[in-house]
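Sequence lines, in order, name chains A and B. The working numbering applies: residue 16 is where the first sequence begins, and numbers increase by one. The working numbering applies: residue 16 is where the second sequence begins, and numbers increase by one.
Be careful, since some hints might not be right.
Pairs count within a copy or across copies, as identical chains cannot be separated in the list.
[Claimed, not checked] Dumping the calculated EDC-like pairs for lysine to aspartate or glutamate here, alpha-carbon to alpha-carbon at most 16 Å: (1) Lys461 - Glu263; (2) Lys461 - Asp21; (3) Lys209 - Asp136; (4) Lys461 - Glu381; (5) Lys461 - Asp450.
No wet-lab data here; the hints were simulated from the structure. Model, not experiment: these values are computed from the prediction.
Number of protein chains: 2
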Amino acid sequence: MVDVQDVAPGRAADVSEWNAEADVVIAGYGIAGVCAAIEAARAGADVLILERTGGWGGAAALAGGFVYLGGGTPLQQALGFDDTPENMEAFLLAAVGPNADHAKIADYSHGSVEHYRWLVDCGVQFKQEFWGEPGWEPPHDEGLMYSGGENAAPFNTIATPAPRGHVPQMQNKRTGEKGGGYMLMKPLVETAEKLGVRVEYDTRIQRLILDDTGRVVGVAARRYGEEMAVRARRGIVLATGSFAYNEEMVAAHAPRLIGRPAAAIEEHDGIGIRVAQAVGAQVDAMDATEVAFFGDPQMLARGIVVNGRGQRYITEDTYPGRIGQATLIEQDNQAFLIIDDDSNEAARKTVTSTPFFRAQPTWVAESVAELEGEMGLPESSLQQTVSYYNEHAAAGADPLLGKKPEFLKPIGSPVAAFDMRGFTAGFPLGGLRTDLDGRVLASTRKPIHGLYAAGRCTAGICTGGYASGASLGDSSFYGRRAGRAAALS
Amino acid sequence: MVDVQDVAPGRAADVSEWNAEADVVIAGYGIAGVCAAIEAARAGADVLILERTGGWGGAAALAGGFVYLGGGTPLQQALGFDDTPENMEAFLLAAVGPNADHAKIADYSHGSVEHYRWLVDCGVQFKQEFWGEPGWEPPHDEGLMYSGGENAAPFNTIATPAPRGHVPQMQNKRTGEKGGGYMLMKPLVETAEKLGVRVEYDTRIQRLILDDTGRVVGVAARRYGEEMAVRARRGIVLATGSFAYNEEMVAAHAPRLIGRPAAAIEEHDGIGIRVAQAVGAQVDAMDATEVAFFGDPQMLARGIVVNGRGQRYITEDTYPGRIGQATLIEQDNQAFLIIDDDSNEAARKTVTSTPFFRAQPTWVAESVAELEGEMGLPESSLQQTVSYYNEHAAAGADPLLGKKPEFLKPIGSPVAAFDMRGFTAGFPLGGLRTDLDGRVLASTRKPIHGLYAAGRCTAGICTGGYASGASLGDSSFYGRRAGRAAALS
Numbered sequence: 016m017v018d019v020q021d022v023a024p025g026r027a028a029d030v031s032e033w034n035a036e037a038d039v040v041i042a043g044y045g046i047a048g049v050c051a052a053i054e055a056a057r058a059g060a061d062v063l064i065l066e067r068t069g070g071w072g073g074a075a076a077l078a079g080g081f082v083y084l085g086g087g088t089p090l091q092q093a094l095g096f097d098d099t100p101e102n103m104e105a106f107l108l109a110a111v112g113p114n115a116d117h118a119k120i121a122d123y124s125h126g127s128v129e130h131y132r133w134l135v136d137c138g139v140q141f142k143q144e145f146w147g148e149p150g151w152e153p154p155h156d157e158g159l160m161y162s163g164g165e166n167a168a169p170f171n172t173i174a175t176p177a178p179r180g181h182v183p184q185m186q187n188k189r190t191g192e193k194g195g196g197y198m199l200m201k202p203l204v205e206t207a208e209k210l211g212v213r214v215e216y217d218t219r220i221q222r223l224i225l226d227d228t229g230r231v232v233g234v235a236a237r238r239y240g241e242e243m244a245v246r247a248r249r250g251i252v253l254a255t256g257s258f259a260y261n262e263e264m265v266a267a268h269a270p271r272l273i274g275r276p277a278a279a280i281e282e283h284d285g286i287g288i289r290v291a292q293a294v295g296a297q298v299d300a301m302d303a304t305e306v307a308f309f310g311d312p313q314m315l316a317r318g319i320v321v322n323g324r325g326q327r328y329i330t331e332d333t334y335p336g337r338i339g340q341a342t343l344i345e346q347d348n349q350a351f352l353i354i355d356d357d358s359n360e361a362a363r364k365t366v367t368s369t370p371f372f373r374a375q376p377t378w379v380a381e382s383v384a385e386l387e388g389e390m391g392l393p394e395s396s397l398q399q400t401v402s403y404y405n406e407h408a409a410a411g412a413d414p415l416l417g418k419k420p421e422f423l424k425p426i427g428s429p430v431a432a433f434d435m436r437g438f439t440a441g442f443p444l445g446g447l448r449t450d451l452d453g454r455v456l457a458s459t460r461k462p463i464h465g466l467y468a469a470g471r472c473t474a475g476i477c478t479g480g481y482a483s484g485a486s487l488g489d490s491s492f493y494g495r496r497a498g499r500a501a502a503l504s
Numbered sequence: 016m017v018d019v020q021d022v023a024p025g026r027a028a029d030v031s032e033w034n035a036e037a038d039v040v041i042a043g044y045g046i047a048g049v050c051a052a053i054e055a056a057r058a059g060a061d062v063l064i065l066e067r068t069g070g071w072g073g074a075a076a077l078a079g080g081f082v083y084l085g086g087g088t089p090l091q092q093a094l095g096f097d098d099t100p101e102n103m104e105a106f107l108l109a110a111v112g113p114n115a116d117h118a119k120i121a122d123y124s125h126g127s128v129e130h131y132r133w134l135v136d137c138g139v140q141f142k143q144e145f146w147g148e149p150g151w152e153p154p155h156d157e158g159l160m161y162s163g164g165e166n167a168a169p170f171n172t173i174a175t176p177a178p179r180g181h182v183p184q185m186q187n188k189r190t191g192e193k194g195g196g197y198m199l200m201k202p203l204v205e206t207a208e209k210l211g212v213r214v215e216y217d218t219r220i221q222r223l224i225l226d227d228t229g230r231v232v233g234v235a236a237r238r239y240g241e242e243m244a245v246r247a248r249r250g251i252v253l254a255t256g257s258f259a260y261n262e263e264m265v266a267a268h269a270p271r272l273i274g275r276p277a278a279a280i281e282e283h284d285g286i287g288i289r290v291a292q293a294v295g296a297q298v299d300a301m302d303a304t305e306v307a308f309f310g311d312p313q314m315l316a317r318g319i320v321v322n323g324r325g326q327r328y329i330t331e332d333t334y335p336g337r338i339g340q341a342t343l344i345e346q347d348n349q350a351f352l353i354i355d356d357d358s359n360e361a362a363r364k365t366v367t368s369t370p371f372f373r374a375q376p377t378w379v380a381e382s383v384a385e386l387e388g389e390m391g392l393p394e395s396s397l398q399q400t401v402s403y404y405n406e407h408a409a410a411g412a413d414p415l416l417g418k419k420p421e422f423l424k425p426i427g428s429p430v431a432a433f434d435m436r437g438f439t440a441g442f443p444l445g446g447l448r449t450d451l452d453g454r455v456l457a458s459t460r461k462p463i464h465g466l467y468a469a470g471r472c473t474a475g476i477c478t479g480g481y482a483s484g485a486s487l488g489d490s491s492f493y494g495r496r497a498g499r500a501a502a503l504s
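One chain only, chain A, in its complex shape (with noise of 0.2 Å):
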C-alpha cells in the first residue's frame, strides 16, 4: 500500500521561514487555478500558482474541451437556437441529480453568457459551426453540439432542446496535440502570464498553515524532496482536481467507479479535499459521478441497448454519459448493443469522432431467437423485447423510452450483439461545499477564513447527473469568483 499523507494543518506559529508569499496562493494550474489566477490579478492581487507538475494544463489540457454555456450565448443565436437562463436552469434541475444545488444552478445559467464573452475576450475562440449527429466530440472543429441529452427524452419535453457544448476550435484534431481542451487553456494560461501570475511546478502541496485564530495564512508544499512554506496574505484557492485516482476515497463514496477511473489525471488524488477536510471543510455530493460508456454513439442511436434481463432501460439517442450512468449504477453494469446489418451499416456511414468503436459484433445470427440463444439470455426475453420494439417503430412511435422518430426502424437480419458489459468509466463529482464566491464552508456552514477552492474539487453544479462541459464549466466559472473573492478578502 502507498503511503499516505498526513494532512493534519500546521501551524504559523510554527513555521521559522516562509519561502515564498504572495497575496494569493493557488494550488493547481489547470483550469479553475488559470481562471482564478487571472481574477485575482485583475482585482489587484499579486498570485503565485503552485503546480505539482511540470506544466499547466491539468485534466482540463487533456479533455475534450467542451464548456457548459446557455442561456443564449452570442454562438447559440448566431447558430439559431433559443436559449434563455430559465431554460438552462429548468434542463439543469431535471438532468443533474437528486441533490441539485438550486443556488448554483441558478447563479451558473444566469451568469452564462457572460461567461462566454469573459472567455471570448480571453482570447477562447469558438467556431461558428454547428454539429448535430449523435456522439461524444464534434469530429472536427465545430464550436456547438448537443452534450447532455438536451434534444432526447425525457429533457425534450421538459425544456427546450438547445445545445449547450460549446467547444474552443480545435486545430490537428486528428493528432490531439490541440485539442478543445488545449485550445481553452492556452489563451487563459496566455492571459495570466501577460497579468504576471508566477508559478511554482514540480510543487505539491502537503497540508493548510493556519494562525492562531483559525484563519488559513499558508499552504505546506515539498519540492524535489524539499518542504517549503507559501504564506498567503489574503487567501488560499484549492483547484486540485477531483479525487478519481484515490482509491479509498473513491471506495468510500463511490464505490462502483473503482478500477474504472477516466477522463481525469493520476494527480486528481484527492489532495485539495483531504487538506480542507482536515481543518473541518464540509464535502457535498460526494456518491455523484459522471460516467463513460464506451459505445458508439451512431451506432447506440440505430440499435436498442438492452441489460442482462434483455430488457430495454434507456434512449439510445440521448447523451452517452447518460447511457453510461444507468447502465453501471442502475443496471449492473450489464449492457449489451443489439443492432441489425443495414443500421450498423448506416451507423458506420456517418462522420464520427473516432475510429475507437470499429470492434466486431460479438455474436451474429440470422435471428433474434438465435441471437438470444447464443447470448444467454433468459428465453424469449429478447425476442419480446425486439418483437415489441419494431411493432411501435414500424410505426414511428417508441412508447417505452421516447426516442426520436429518426432513429427507429425495425431491427432486421442478420442481427449482431455487442457485449457492452462493463463498457464504463467515470470520475467522481463530489467535493468541497462552497458558496457562490467560491470559499470554503465548514460543517458549521460558515466560511473557513482564508480558504477558497473550484474546479472538481469542489462539489459543483452536477451533483447526480451529468453534461459533458459542466466541469470546465464550473470551474472555470467558479475558479473566477474564488479567485477574486480571495484577491478582495
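Take the given structure of chain A and dock chain B to it, following the hints.
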C-alpha cells in the same frame, strides 16, 4: 436552519477541570455502547457511558431485534439448518455491495457462533422455532427467520440457503412494548449494570479532547446547558449511531434518502462521525444504504412488481429490503405491484406480522390491458410483461428472475395494481473506518490513539446491500471488540 455544532477538537491543556473520568468512556447507550461497556468492564476497566437521552436503548430497543448470526449457531443446528462460516461469508460477499470489507466479513462470519453464545450467556433468549414465510419479521415470538434473501434468487445458487435472522424472544409483540430489540437490550443492560458500569444520562458529546501528542484523552459534553469535560484514562468508544437524521450529511453522501429516514432514531445525527473526522478519522461506505419497502411481503411474493416501464426487475419472493434498494436506487423509486384477486386473497389468509399493508388497490380491472391503460404505463408494456410471466409461470418457471416455483401462478382476472411509487425509506450504512479491534483509523490508515468506535457510526459488514440483523449484529460484535481494546490499551 438549525445551528450546527462546531466539532473542532479541544486541547487537554485548556481544560481547567475534568468533571468526570473513567478508564473507558463510551458515548451512546445503544447496542454498540452496552456491548462495549460489558467487555471493557470484564477486562477490568472502570466504565462510564454518556447517553444523550434520558434512558438506555438507542435505536436498538425500538428495533425488530434481528441479529444476523450464522455459521452453525446452536439455534440454526437445533432447527435443522446447516451453515458454516464459509457459507455465511460467501453469501455476505455476494449480497452486501460493491465495496465489501472482506476482512471484516470473514472475521464476523467466523466469530458468529461464539458471539451467539456470548449473547445467550448475557441472558438473551432465542426461542427454538423457525418462521419460514416471506415477511419483515416473525409474527409471534419465533427465534429464527430468513432476513436477507438467502433462499431467493440469485443467492440460493451462490451459497446454501440458511436463515440467519436471530430474534430475541419477544413478549407482547402486538403492543410492541417488549419487541425483539427491547428483549435484546434489556439483559445486556442488566449485565452491564451488574458489572458496575456507570451512566450519565442527558449528556451529549460536543467534541473530542486531545493531548499534545494528538492522543484522544477526553470528550467535551453538554448536560442541562452546562459544558463538561470528561477524561478517558484509556480510551473513548464512539457508539452514537448513524447520520440518518443529519440532513446535510444525507444530502452529501446518500441523497436518495433525503426526506425518507427510517428505522433510526432522531438522535442519529452523525455526531460521532463528525467529532472523529475533526481529528482526522477516515470514513467508508458513505454512499451505502439500507432501504425498506412498505409492501406486504406475502402479497409481493404472489404478485409481480414492475417499474415505470412495466418491466419486472427483481424476484418478488426475496427479502423486501432488496426490493426497496432496487426500487429506490435502480428504478427511480417507481414500483407497482400487480396481483390478481385469488393471489391477493391467498396472501391475506396467511399470518403476517402487521395489518399495516392492508390498503385497497389503486386500480382494479377485468383485464391487464385495461389495467395498463388506467395506470398510464407505456402501451402494451404491462400486457407483454404479464403474458411472458404467465406463460412461464404455468410451467413452473421464471427464466427472467428465478422466483421460486411455490409462488409462481399465472396472473388471472380480476387484476389489481398497487401504486408503490415512493414506498421506500431507509438509513445510511456508512461511517468511520475501523479495524477489527474497533480502533478508528485516520486517513493515514493508522489508528488514532485513544479512539474507538462501533455500531452505525462506523462502516460495518454491509457496504451496499443489506440483510436485516446486520446492524444489531455488527454493532454488538464490534462493540465488544472496541470495549475490550479500549480497556486493554
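**OP:** List, from low to high, the hint numbers that the structure doesn't satisfy.
**Re:** 4
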